[in-house]
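Following the hints, complete the assembly by docking chain B onto the known chain A.
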Amino acid sequence: DVKVTQSSRYLVKRTGEKVFLECVQDMDHENMFWYRQDPGLGLRLIYFSYDVKMKEKGDIPEGYSVSREKKERFSLILESASTNQTSMYLCASSSGGYDYGYTFGSGTRLTVV
Amino acid sequence: LAKTTQPISMDSYEGQEVNITCSHNNIATNDYITWYQQFPSQGPRFIIQGYKTKVTNEVASLFIPADRKSSTLSLPRVSLSDTAVYYCLVGDGDTDKLIFGTGTRLQVFP
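Chains as they are written, first to last, in this note's numbering: chain A, 8 to 120; chain B, 4 to 113.
Chain A extracted, bound-state conformation:
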């Protein structure tokens, strides 16, 4: 079964900490995405990547950065975590093209205290 695996289901971090959220996919997909999901705000795109070492800003990139050193791995970095970054973070991958079929990970619920 194809998978997108997020390294943690739940994380609690302190304000100001540097936080790494890891995502690995085993489908050889070119495209990978990071979303955050908040009640009443739906899914919002943070960053995405169409290739190794390539990244593009999504709709809400402020306070985040990403890294894609290998095709299967896409990391989301919170340089200095703040309480307003408490959220559910979802990683997804797709093969690209017009028949977008995202495969999502199970999500990481991050709480910043």
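No wet-lab data here; the hints were simulated from the structure.
Note that beta-carbon positions come from the ideal geometry of N, C-alpha and C, so glycine has one too.
Hints may be right or wrong, so weigh each one.
Stated by the list, open to error - Each computed DSSO-like pair below joins lysine-lysine, with the alpha-carbon atoms no more than 30 Å apart:
id : chain 1 : residue 1 : chain 2 : residue 2
1  : A       : K62       : B       : K100
2  : B       : K57       : A       : K10
3  : A       : K60       : A       : K78
4  : A       : K10       : A       : K78
5  : A       : K25       : A       : K60
6  : A       : K60       : B       : K57
Unchecked claim - A short, non-exhaustive set of chain B residues, derived as facing chain A with CB atoms under 10 Å:
id : residue
7  : Y39
8  : S44
9  : L101
Below, chain B without anything else, positioned relative to chain A:
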């Protein structure tokens, strides 16, 4: 930017057919329309995808009119386990970005 809207919530009873519509007034010409199901504390799960007319798989049907400005997810004979949030996903005609719908919370009652 495409505005992709869905009803906030819907209620149904087991065994009924449920139709959830997504309005997307500026969909990209070549993009498919995709629907996802999400349970609490899980990532969205792919349900069905289509470009035009009607698509059917083992869990749902998707109806897309000729102008593609909307799409309707049809769940036949829902069960309690279909209680979830349903999202459509379309490409924006101006930016080519993928836009998730606002999500519809479906509650199925016994």
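Next on the checklist: Flag every earlier hint the structure violates by its number, smallest first.
Outcome noted: 6
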